[in-house]
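J.: Once you've looked at the hints, dock chain H with the ligands against the given chain A.
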Amino acid sequence: MIWLNTAAAHASTFMPPQGTEIASQYDKLYGFIVIASLISCVLVIGGLVMFALKYKRKSENDKTAYITHDTRLEFAWSFIPFLIFMVVFVWGTYIYLELRTVPKNAFEVHVFGQKWNWDFMYKSGKKSTNEMVVPVNTPIKLIITSRDVLHSFYIPAFRVKQDAVPGRYTKLWFNADKVGDFQVFCAEYCGTNHSRMLAKVKVVSKDDFEKWLQDNPYKDLASADVGQKVYNAKCIACHQLVPEASTSIAPSFLGLFGKTRQFADSTSAQADENYIRESILNSKAKIVKRVSGEAFPPIMPAFAGALSEEELVGLIEYLKTLKE
Amino acid sequence: MSASHAEGKNYLNCEKGLWSWLTTLDHKRIGIMYMITVMVFFAVGGTFAMLIRGELYSAGRNIVGPETYNQFMTFHGAIMVFMVIIPGIPAFLGNFFLPMHLGAKDVAFPRVNLLSWYCLIVGAAISLVSLIYNGVDTGWTFYTPYSIETNNGTTWMVAGAFVMGFSSILTGLNFIVTTHKLRAPGMTFFNMPLFVWALYSTAVLQVLATPVLGITLMLLIAERVLGVGIFDPTLGGDPVLFQHFFWFYSHPAVYIMILPAMGIVSEIITAFSRKVIFGYKAIAFSSVGIAVVSFFVWGHHMFTSGQSEAAGILFSFITMLVGVPTAIKVFNWVATLYKGSVRFDSPMLFALGFLFLFTIGGVTGIMLATAGLDIHFHDTYFVVAHFHYVMVGGTLMAIMGGFYYWLPKMFGRMYNEFWARITFVLIFVGFNVTFFPQFILGAMGMPRRYYDYLPEFQSLNRISSFGAWTIGTGFLIALFVIIHSIRRGEKATSNPWGAKTLEWTTSSPPPHENFLETPVVTGGPYEFR
Ligand code: HEM
Ligand SMILES: [Cu+2]
Ligand SMILES: [Cu+2]
Numbered sequence: 003m004i005w006l007n008t009a010a011a012h013a014s015t016f017m018p019p020q021g022t023e024i025a026s027q028y029d030k031l032y033g034f035i036v037i038a039s040l041i042s043c044v045l046v047i048g049g050l051v052m053f054a055l056k057y058k059r060k061s062e063n064d065k066t067a068y069i070t071h072d073t074r075l076e077f078a079w080s081f082i083p084f085l086i087f088m089v090v091f092v093w094g095t096y097i098y099l100e101l102r103t104v105p106k107n108a109f110e111v112h113v114f115g116q117k118w119n120w121d122f123m124y125k126s127g128k129k130s131t132n133e134m135v136v137p138v139n140t141p142i143k144l145i146i147t148s149r150d151v152l153h154s155f156y157i158p159a160f161r162v163k164q165d166a167v168p169g170r171y172t173k174l175w176f177n178a179d180k181v182g183d184f185q186v187f188c189a190e191y192c193g194t195n196h197s198r199m200l201a202k203v204k205v206v207s208k209d210d211f212e213k214w215l216q217d218n219p220y221k222d223l224a225s226a227d228v229g230q231k232v233y234n235a236k237c238i239a240c241h242q243l244v245p246e247a248s249t250s251i252a253p254s255f256l257g258l259f260g261k262t263r264q265f266a267d268s269t270s271a272q273a274d275e276n277y278i279r280e281s282i283l284n285s286k287a288k289i290v291k292r293v294s295g296e297a298f299p300p301i302m303p304a305f306a307g308a309l310s311e312e313e314l315v316g317l318i319e320y321l322k323t324l325k326e
Numbered sequence: 097m098s099a100s101h102a103e104g105k106n107y108l109n110c111e112k113g114l115w116s117w118l119t120t121l122d123h124k125r126i127g128i129m130y131m132i133t134v135m136v137f138f139a140v141g142g143t144f145a146m147l148i149r150g151e152l153y154s155a156g157r158n159i160v161g162p163e164t165y166n167q168f169m170t171f172h173g174a175i176m177v178f179m180v181i182i183p184g185i186p187a188f189l190g191n192f193f194l195p196m197h198l199g200a201k202d203v204a205f206p207r208v209n210l211l212s213w214y215c216l217i218v219g220a221a222i223s224l225v226s227l228i229y230n231g232v233d234t235g236w237t238f239y240t241p242y243s244i245e246t247n248n249g250t251t252w253m254v255a256g257a258f259v260m261g262f263s264s265i266l267t268g269l270n271f272i273v274t275t276h277k278l279r280a281p282g283m284t285f286f287n288m289p290l291f292v293w294a295l296y297s298t299a300v301l302q303v304l305a306t307p308v309l310g311i312t313l314m315l316l317i318a319e320r321v322l323g324v325g326i327f328d329p330t331l332g333g334d335p336v337l338f339q340h341f342f343w344f345y346s347h348p349a350v351y352i353m354i355l356p357a358m359g360i361v362s363e364i365i366t367a368f369s370r371k372v373i374f375g376y377k378a379i380a381f382s383s384v385g386i387a388v389v390s391f392f393v394w395g396h397h398m399f400t401s402g403q404s405e406a407a408g409i410l411f412s413f414i415t416m417l418v419g420v421p422t423a424i425k426v427f428n429w430v431a432t433l434y435k436g437s438v439r440f441d442s443p444m445l446f447a448l449g450f451l452f453l454f455t456i457g458g459v460t461g462i463m464l465a466t467a468g469l470d471i472h473f474h475d476t477y478f479v480v481a482h483f484h485y486v487m488v489g490g491t492l493m494a495i496m497g498g499f500y501y502w503l504p505k506m507f508g509r510m511y512n513e514f515w516a517r518i519t520f521v522l523i524f525v526g527f528n529v530t531f532f533p534q535f536i537l538g539a540m541g542m543p544r545r546y547y548d549y550l551p552e553f554q555s556l557n558r559i560s561s562f563g564a565w566t567i568g569t570g571f572l573i574a575l576f577v578i579i580h581s582i583r584r585g586e587k588a589t590s591n592p593w594g595a596k597t598l599e600w601t602t603s604s605p606p607p608h609e610n611f612l613e614t615p616v617v618t619g620g621p622y623e624f625r
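Protein chains in written order, with this note's numbering: chain A, 3 to 326; chain H, 97 to 625.
Please note that a few of the clues may not be correct.
Said to hold, decoys possible - Keeping only pairs whose Cα atoms sit at most 16 Å apart, straight-line, the calculated EDC-like set for lysine to aspartate or glutamate is:
| no. | chain 1 | residue 1 | chain 2 | residue 2 |
| --- | --- | --- | --- | --- |
| 1 | A | Lys129 | A | Asp217 |
| 2 | A | Lys129 | A | Glu280 |
| 3 | H | Lys435 | A | Asp64 |
| 4 | A | Lys143 | A | Asp179 |
| 5 | H | Lys377 | A | Asp72 |
| 6 | A | Lys173 | H | Glu405 |
| 7 | H | Lys377 | A | Glu76 |
Please keep in mind that the hints were generated in silico from the structure rather than gathered at the bench.
Chain H on its own, in the form it takes in the complex:
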């Protein structure tokens, strides 16, 4: 083995300098580059969220006019979806830990892995060009025909999202091949950690669904630049067709966002209750099941679009079916706690927070899947509250939990537990204060994407704004906790939590090719006996 494996050498210090990072093929370093990128995007998207809530603090104009507000709303949504939540878990934590979970030295195609990071950066840069052309005010959904006739910035934003799509496809491809080909001896499919199952299901969605988004966005650009008339009714096109194409990707995309989060939660719950997971196969297969069924439910976003009643009923039915595997997972996690030995470190607090918030997100999802009820709730704040409960309450809580959980492994240092718990309290409480009132606002009938609202909606909007600033404070503190831990934290042992998956068998931080000797696997990932 090479000199880089000598005493004291690890993936962080085996090579030095910015160039060594920008050209690295090490999945761990690429993971860290994604981490930094996603954190920067999150700060930008979060700033827009704070501005949105500032504007909605009172009815009427507070800080900006309607055009600027609509841009805030669009940039917030587009950045959070395409640049934060979608790459968040797979490309950052997944990149780092999928090969380690399998006992592999790297992903199957390290160069493609690096390319996918560059796709994200180039795509983000192209999106930024939109600012020169008066920005974008379409909402992240780019619905036609408004997106055909509005500012030229839209073309750039759409082109950026197109390029970023390749980042997602390439990551997914890499994960599928890695999972099939690079498992350590003895690592059968049913010995794989559930995080791998989750990433694998996600990867299938990334590879199969994202091209549809790519094609749709290309058509939108062709429409804007060449006037081809596929979506534009004045040229004989059909604007509703765009919605079908868009949601054919974007519904599976919501599972690209949540499945990996579920994987993280499975890891954390077992590690911190020191217990074998309850219903391993049920959780593993429900990930796959959700991935498959999620391709056939896109029409639940279109109950009021003018689609036929028969289609509406069918989509409502299939959506209900997705509820079943989702419920199974939640029950399994709760059952895992039973007769366990539970510790409440911050990763576990975030995982339990996930269960709490995701359950609320899930039951409100069933309300929205009920065709008759969705007619009233569609495009109101009820929907805004629902998807934030799933995406922030679910995915973002899991990212935070996973971040604290794996920080010792990634950087070889512990974080400050007291301050990390403070961030949990601020984020968890702030989250509920922000988004629970939005369910009520939606039930009362307040539509989403509203710059201004009727006076009767004001008090709940105020509560929501205070909650948002609480969340903002929580994340700001979390940033300091993370930076402090990386620079000054106590040295971490190789397995501070006593977890059983393979990444904890190697040193913290891991050496260049993860394991000094290829591990040989003899049992499941959660053998706490």
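Just chain A, same shape as in the assembly:
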């Protein structure tokens, strides 16, 4: 079995870092299948090349052997692959069940996918966006859902992935054994900014985690600074702080507050507090035109329910500070 460990180590060169114990088990199975596949490919492709070259046509009068079948040989090459597939199946099922069976007493975090952010909610009431902080060496259970379309919560370093389905809760668990930051991707196509729906899992020591839970991120912050934090977490993927170009997927926030906005239905309005509030909570109510004259696509999610009053006010105040 030593060869298996070395093989697994080689095969997993390209795998993401192993952030959990199961990830290393996963890589062993992966290593085994890669080696088994390599051997099969060498046998099949090697046999193919060898026969093709050895029996290359010498003259147009070549006689060939008349071999129609060979029952024993055919049985062997049906049964041996079957056995290998069954080994892989049983081993794979074992890993699958490990990945899917949540230990009792796991620490629970609620996860919400919403175009194109990940929101996290802890039982203490603490919330975060695109950064999930969890304690090391603790089984963590994620209870996942979506506020709009399908998404999929994918942490490569933990070898786990689970779709976020609107209208239902799905689950995922892991037990991170290393402190550090791990990448999260959205793995189920969800529209325009699918590829920017990224987040981080921050695995910290248990003490740091307790501190983090107690910490109120908005404590002692001015309204506009609260707004800036929310902006960086939830708006930045689409609304950039550079002058708007014809290729921008969403309006720029520079100098937005107070400007007269032209809408797709040819009406216009001034961007005051009420307009900003409505745009955040229900963006489809008024669709703005681009500098080029056509309307922006109506892709912005409605944030009603996803932002607190403090955060809304913060955003409005923050927008006021952004000058062209």
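T.: Chain H with the ligands alone, transformed into the frame defined by chain A:
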């Protein structure tokens, strides 16, 4: 017999003018119309592929924004699946050669055959209307609820796919009846070429699975237009139900794509090694076996969808079972070469290329069928690489091989062997350069359908883009080789490869009703003694 069988007359020149083509009932002419249609679609889908790879050349924005990219990705996938690979072999090469392989004058229902071509054209036209309504950005899988709320183009694209489904059903129906009813005297089931067995198994899938897709797409349209709430969670529907329906068709559909390719490979390997096929019955029955089992594995696309663990384990197990008949076929082809007399003309190069690439596609399929492993690989570039190894490395290589193999028969002219081999080298090498790095990208964790990616994925994406442009060049040259051959190629004899199946017993190109006299069959299709 009629005057059209006089000296020098064949199916191509017995009638003239565009109208004679658009109203033809000759299976060979309908096959040629499918050929042209599929080539046009392939050029469009291929152009989208080149644009996709252009955009993915570097991280960040290169040529278009995310919305346009998502449309490229959707049109590429939908066109390649519904308009190229699914009709590619059955409706083009199958239409032309299934009746000839059986010694028949035509398919059982020539009018239905023509109707199926019109279904494809009308369906494609309806899909195009989507461009007027801001296009489609759902991916070819149309997953709900995103497909319910996005651009109105989606309705048209889905309606187009619905109509194209009938094309597939009608072709399948025709092939089943033709195989049962129109075999020449002496053509028993076990005297049929393996291409016929493959097309027959495919036809069963087309007839039984495609209606499920039709119903699903209809429900999606009803959902979008009438708001019925079957899939939309805000109306009490279940978005995961859509995935079950969709894959209940689309998994058998991947066998609609690959089984006929396997049939072509059986023909080419025997002809170019001049040897009886090894394990005829094993290959024939494994086609049927694959067709049956492929109805019960759809859940392997849904390991992370929230389906129960019990379902996940069951689907993983049944998927492993499909691996067995698939492996048997590969071993049989390799064994056929043993003690043969092998020539390396381009059709054979493509068939050997198929074996090479399909083997890699197959073993990675087993990795994905392993429930525990698929959790990490699902919806990453690993999957993109896998299905391209099967669909492009498998099906498309077989189409190219079959095209060169039967070109002399279809048009009575030879192609330029040197340039045809160049296309093989470019396509084969380019293919591996494009898609092998995608296995690594997937293992590293890069999700699919990504407009933009992290910097660490860039170097492999670049290699992949260069590979794609190599493939593109290969196909462009192949187009010239084919056009040149049809217009200026040397005259072909009736059996340039020395193959044994019935189509080679008649002149090239064949006369209007294929054979001047109905052939009488006395033995198997590969009697090289
Ligand atoms: C020149 C050869 C080709 C290249 C370079 C190419 C490249 C690509 C790329 C880059 C993607 C996008 C992956 C993603 O982000 O999901 C893709 C998707 C896809 N390709 Fe190809 N492709 C080629 C040929 C084909 C062919 C011949 C088929 C025929 C079946 C095909 C079927 C698909 C499918 C079904 C998808 C998935 C589309 C989706 O995710 O909705 N491709 N291809
Ligand atoms: Cu997404
Ligand atoms: Cu499948």
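J.: Determine for every hint whether it applies to the structure shown.
T.: The hints, checked one at a time:
Restraint check for Lys129(A) and Asp217(A): satisfied, since their Cα atoms lie roughly 11 Å apart, inside the 16 Å limit. The hinted pair formed by Lys129(A) and Glu280(A) fails the criterion: a straight-line CA distance of about 23 Å is larger than 16 Å. With a CA separation close to 10 Å, the supplied pair Lys435(H) and Asp64(A) stays within the 16 Å bound. Distance restraint check for Lys143(A) and Asp179(A): the Cα-Cα separation of roughly 15 Å lies within the 16 Å cut-off, and the hinted pair is therefore satisfied.
As the CA atoms of Lys377(H) and Asp72(A) are separated by approximately 11 Å, the hinted pair is consistent with the 16 Å bound. Restraint check for Lys173(A) and Glu405(H): the C-alpha separation of about 12 Å stays at or below 16 Å, so the hint holds. Taking the CA atoms of Lys377(H) and Glu76(A), the gap is near 11 Å; set against the 16 Å cutoff, the hint holds.
Of the hints listed earlier, the one the structure fails to meet is number 2.
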